[in-house]
Structures are given as structure tokens and as C-alpha cells.
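Take a look at the letters that make up each chain.
Protein chains: 2
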Amino acid sequence: MGRVAVVGTGQTKFEARVPEKTYYELAFDVAKEALNEAGITHRDVDSAVYGIYNDLFERQVMPDTFVHDYLGFYGKSGTRVTTGGATGAYAFRAGYAEVASGLSDTTIVIGVEKAQDVFDWAQYKSTPEVLKSIAYSSDMTWEYPLGVQAASSYALLATAHMRKYGTTEEQAALVSVKNHGNAKNNPYAQSPMDITVEDVMKSRMISYPFKMLDCSLYTEGASAVILMSEKKVREMGISDPVWVAGIGSSNDRSFPGFRSVNDFLGNYGDIADLRGHYEAARIAYRAAGIQNPLKELDLAEIHDAFSFTEIQGYEAMGLAHPGKGGKFIEDGIPQIHGDLPVSPSGGLIGAGHAVGATGVMQIVEITKQLTGEAGKRQVEIRNGKGLAHSIGGPGSSYCTVTILEA
Amino acid sequence: MGRVAVVGTGQTKFEARVPEKTYYELAFDVAKEALNEAGITHRDVDSAVYGIYNDLFERQVMPDTFVHDYLGFYGKSGTRVTTGGATGAYAFRAGYAEVASGLSDTTIVIGVEKAQDVFDWAQYKSTPEVLKSIAYSSDMTWEYPLGVQAASSYALLATAHMRKYGTTEEQAALVSVKNHGNAKNNPYAQSPMDITVEDVMKSRMISYPFKMLDCSLYTEGASAVILMSEKKVREMGISDPVWVAGIGSSNDRSFPGFRSVNDFLGNYGDIADLRGHYEAARIAYRAAGIQNPLKELDLAEIHDAFSFTEIQGYEAMGLAHPGKGGKFIEDGIPQIHGDLPVSPSGGLIGAGHAVGATGVMQIVEITKQLTGEAGKRQVEIRNGKGLAHSIGGPGSSYCTVTILEA
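Just so you know, the protein sequences line up as chains H and P, in that order.
Just so you know, we're using our numbering here: the first sequence kicks off at 2 and counts up by one.
Just so you know, we're using our numbering here: the second sequence kicks off at 2 and counts up by one.
The following block holds chain H by itself, in its conformation from the complex (with noise of 0.2 Å):
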């Protein structure tokens, strides 16, 4: 089985609202960036996989299949993945399968997200469709009555961490610190800022830990990748792309305490320790020949769905010893030129989360800084290899980790 490679790549500017344009033409907009960056057109391209993660923030059921349409994909195969927060991220590895298996040769994977469009302007308020589609995502029949949702389930996790390891608000708050900072290179990022510790402390309180400045940001916007087969690449000319080194997902429980009985009592064990995380860094580190991801990865970029989410995310990555990802970002290991640079995009809370294309959003991302076209934040590459870490659902059920190599 020959290997898959990534040979182009677009991305829109995360933002907090793209008024002007459709989904669909957001869409357009990344594919054919990614189309020209790969040399190729839309002729050459033998399917697609769409990340797209809702249907209530545009009001329409099989978005995907007017992206395919707008995109003149006609004749091709089109399939749809939505995986909550790692909807990118598992279209990336449907998109991965789709080439690896021998049915495409060359496959595009678009993660595309509008969200406002329902938005109620006129009255600056959610409208029902916006507000149904957070509170459906937690589980209807155990989890929603008792007020778990999207933040509260996430707080959960990080408020064992703090117990279980004494993990504090300010730890957590550097990353955010970090992260709004890098924004500030990245020309496509929504929220560049300079903010201090303090700043976050003070921010509005959202659900304890998360502070506002603890939490990723509402937007809109798409990226793409294409993916091509190495005997594609050889007989196209291609030199030197990036290469998907290894992919491992790993679902765990959905949120746990609240599902059963059973989990009540406590069969999950310690929710301070993301068991799927690790289990799909694991997965992804023994399929990429990584036995020290610490010294054998340039970057990585890890899922900020909230500032402790990326200390769990250290730990999980192996990164950091478990508990231990509190003193990582303290010792300044995950800045832009510490000795393992974490999401230079800025991540989710400083590039923005635009739900379907963050997963794709953070490949694009990788495959810039390890080929060096990153620009201002481009990272030192020494050994070639990077890491990109998305998740997703209630209690982050869904969770993927991809390692690219150049």
C-alpha cells in the first residue's frame, strides 16, 4: 500500500461573521486555493469528503451536497462527515481512507462552517435554531436536564484536573496568553491579541475555570487539503510533499456521570485523564514510527476548545507527564520558540473555531510550517514531523490525532 500525501492546501480568514458569503462560496474559495497550490484542477480530483459539522446554524440538511454542486464536482463522489468539534479532523481521516484504499486517487477534503447566518440581527439575539443546535449537542435524555452542555461539560473535565493535580486558572490562562499572541502572525487568524495573565483572570466568568478569555471563539470560515496517492504524486512530478505519517482516532464515553448508572458509580474512572486522547496518540505514534514525540516533533497543534482543554492535551500527547501540563507551559516549552512550539496558528481561541474546518484548518497549518511557508511564525523544523490533535463532543468523546511528515 503506497502512501498518501498532501499536496495542496487553502484556507479562508477565520472570522467572527462572513456576512457576504455562503457556505458554498467559502467552500469554493479554499478549493480552488488548494487546487492551484497542488497544480491541479477540479477535473483531477476524484472525490470529496466535506467536513460540516451542523445543520441548525444554516438551516439546511445536506449542505454538502450544494458545496459539491457550487464546485462543479459533478460526476464524483461526495460524502459527508460530521463529527462534532473533530468534524475536520475525521473528514481528513475518511479523506485519508478514501485514497489509502485505492477507490480515489486524488481526494479534496473541505471543513467549512458558517454559523451567524440565522443569527438574529436586527435584535442582536440567538434565534432558536442557534440555541437548539448547542443545546442538542449534549446527550437529550440524561445529560441536557441536568445542564450539561458544550462549556459546563468542558469545565467538568478541567475542575478534576485541578483537583486530581493541582492544575490553577493562571496555568491555564497562559495558554490563552500564547495563543492569542501567535494569532497575531497569522494573517488568517480571528482574534490577534496582546493580553496578560491578569486579563484573563478578569474576564467574564463563563462556566468555573473558563473565564471568557479561557474559551474559543464563534466563526465562520473553511479550509481545505487535497490528498493525493504516491503513485499520483510520482507521476505528476510532484517533489517533496508532506506525508500523512499516521492517523489514530479514539472515541471514548460520551460526557461521563451522567449516562448510566453504572458510570455514576464511577466505571469510567478519572475524567482528569482523557483516556480516548491518549489512546489515539498511541494509535498515531506507533503507525509513525514516534517513540519521543517531545524531541521527534517540530510543532504541534493542539485542540484549545478551551485553555485547560490544551494542558490535558499535552499530557495526553505525551508531551508532559500526566499532571504535569500546568508546569509544561510554564517553563515556556510550548511557546512560539520554546522547545515544542503548541498551536503557532493560534489555535482555537486565537485562530478562531470554526467548527467543520478547524481539524482541516490545523493539516493546513502543519503542512505550512514543516514545507516552511508559515511566515511570520514559522517554527524551527529540524526532524520533519508534526502533530495535529482535534476532538470533539460531549465530555470530548470523538478524538483525533494526525502526524505529518515532510
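You may find that some hints are simply not true.
[To be verified] Okay, derived cross-link-like pairs now, DSS-like style, lysine-lysine, Cα gap no bigger than 30 Å in a straight line:
| hint | chain 1 | residue 1 | chain 2 | residue 2 |
| --- | --- | --- | --- | --- |
| 1 | H | 22 | P | 133 |
| 2 | P | 14 | P | 203 |
| 3 | H | 126 | P | 133 |
[Unchecked claim] Partial pick of chain P residues on the chain H-facing surface, computed with a CB cut under 7 Å:
| hint | residue |
| --- | --- |
| 4 | 4 |
| 5 | 61 |
| 6 | 70 |
| 7 | 75 |
| 8 | 80 |
| 9 | 84 |
| 10 | 140 |
| 11 | 251 |
| 12 | 253 |
In short, the hints are calculated from the structure, not lab data.
Idealized CB from N, CA, C, for every residue including glycine.
With chain H fixed as given, assemble chain P onto it according to the hints.
Positioned in the frame of chain H, the structure of chain P alone reads:
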């Protein structure tokens, strides 16, 4: 690259309403049955692909995460695919790619749909969720204001076929008579009935030329298949499994005539002939090495969302010449004892259309037929080859054709 086998199948009875079970309980039932049939346990499964169409039917975003949890699949990869009426078929494609790519040795594909939990039974009327989930499935920008929805878009395809080829309502009614009749021998079917062409013609008008009995049904249920790599099949000592011989997917434009001025001026071409369906068949036949499908196939399950759709399917699958689909059923060829039985399960009209589950149910049916386990509806197996044709989307934009071989 080794082949991929179907080594286990499971299905629930398709019913209008299964009030006593949640979607994750239905998924559990079919997963257990498929695992038992394969002679493996849930520990042997490397990954899962879920075909679940609609979030609004259950007031639940990310329903797959709760299925994954309920099935005890902690730690394994789980991906959700959603592509309208063809959701189950594209989930099967993604499951095939999981195994053929080497990402997994054993993958379970589960299709499940509940649709009636949000129906207002007390007042016996649809809730906003039900109405929206159907309304939002046409393009909200261009088509919805023109009244194009599920039945009316397929009706336009049918009237185009009638005008171009002279296909009659009576010919289409024969499909309904056949499929309701086949369902009598399928214990899993929702709508077994002895009816006549006259009964179909006299049934209530829905959207010309579709009467009530031309339409498939609102259905709840689940289906599952277990896919395994050739290497693993040999290791497990599984003898004579059913192999995936070819998959072709082709997504055509979404509904023509409304998407743009270009379409309105006729750039789509002729909507009587469903280009995407022809293309999907071409790809699948080439992969499976089939030259004369009418002679080489032993049976086909053709997606009869509406009676006319099956007639258009005969033609696109190369079983009848373009325009001769009406005569094909008049001549009795697709009858259960005809030269090429079509939809011995009863199809969507007779067996039911549990959206995400339907495409998987077709694979279950073909597998059972090829292995001689189809009971009273068993067709004669000569070449050991069967075809499943699954479609969906506005204007039938999604199409996947899968060929299995015993």
C-alpha cells in the same frame, strides 16, 4: 491490497414506529446480531462507521457518540457519515475504505434512524422538528421558495421520464405491486401487502405522478454489517464470506433548474436520465469486472424512494436500455422469479426506508441472498453476484452502487 469481506449482518424489523426503543438500543440490537453472526465480540472491532441521517428527528446532535458509548466501543474510532437517503450506502463506502486502507482490520457499519419520537402523538400532528427536517432538505436559497421538496423533486424527474420516453403511471404502479408483494416474504419488512395496479392508481395523490402507494415510507429501524480484511478473514478461518467486488459513487448536481440561471437555461442536460446513477454504475461495474449486468448479476436492490425511481434505476444500472425501464417491469424481468429479481426484500416501498439504515439493509439483503439465507424470498444464485443501488439528496444528487460477490 487485500480484499474486504462482509462477515456478519444484523437488522431490526423496519416499522413505522418503535416507541419502546431509542436509536442506540436499536443500534445495539443489530450490532450484537452482526457480531454473533461473524463469531466475534465487540473487542475484535477496530472501528465503527455510523450512518445516521438527521439530527432533528431525534432532537439530538452527534447521536453517533451516544451509540458508540452504548455499544461499549470505548477507545475505538467512530465516524459518522450523513448523505441524505443514501446515508447507509456512503457509510458502507467509508467502512470499506477504513478496512481497505489498512486503518482497520475489522469495521462495523451501523445504519440507524428514529423519526417518530418528535412526532406529536397526543395531537397527532408533526412537530416543528419534523417539518423542518424535511423542509430544510431542499436548497433553502433557491429551491425551497419554489416548493421543491423531497416528493416534488423526484416527481419532476419522473414527469421528465414520462415525457421523454412515454413511461406510464401504470408501469410505475407495477413496481409498487411487486415490492409490496415481495415484502410478504420478508419478516423484517414494514409494508407487506397484496395490491393491484388499480389500488395504486386510486390511492391518494401526493405529488403528480406519485400517488400514496408509489411512495416509500416513514420508517424506524437499524441495520449493521461487519467488514473484515482478507488477511483477518484468513486468520479467523472464516470460510466463504461475501466479498466487496466494487463500489462506485457519483454525486450529480443537486436539483437542476433552480440552482442557477445556467441550470435554468438547461445546462444540466436532460433530467429524465440520471447521469450520476449511470456514472456510479459504470465505476462499480469496472471495479467488479462486470460487462453484462443483466446476465452476470443474480439480483439487485434498487432504491425505490418512489416507484418511478426504480424504473429510472433499471436503466441507469444498465439492466434496461434508456427509456425501456417501463417495459422491463411490464415484461416481468425484475419479479422475484424473473430473469433478474429486483428488491426481493421489498425495497423501500415494501420493506421501508429507515433513511440511515436503508443502504445498509440493502447490503444485508444481498449478503443473505448470496449465501442462501434469504428464506422464503430466496432467489436463484448462479453467478454469486448482487448489486445494491442507493440514492438520496435533492434531485437525487447522491448515488452509490455496491457490488457483492460470494
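Against the structure, the hints:
no.: 1; hint: H:22 <-> P:133; verdict: holds, 23 Å
no.: 2; hint: P:14 <-> P:203; verdict: holds, 28 Å
no.: 3; hint: H:126 <-> P:133; verdict: holds, 21 Å
no.: 4; hint: 4; verdict: violated, 11 Å
no.: 5; hint: 61; verdict: holds, 5 Å
no.: 6; hint: 70; verdict: holds, 5 Å
no.: 7; hint: 75; verdict: holds, 6 Å
no.: 8; hint: 80; verdict: holds, 5 Å
no.: 9; hint: 84; verdict: holds, 6 Å
no.: 10; hint: 140; verdict: holds, 6 Å
no.: 11; hint: 251; verdict: holds, 5 Å
no.: 12; hint: 253; verdict: holds, 6 Å
Going down the numbered hints, you'll see the structure goes against just number 4.
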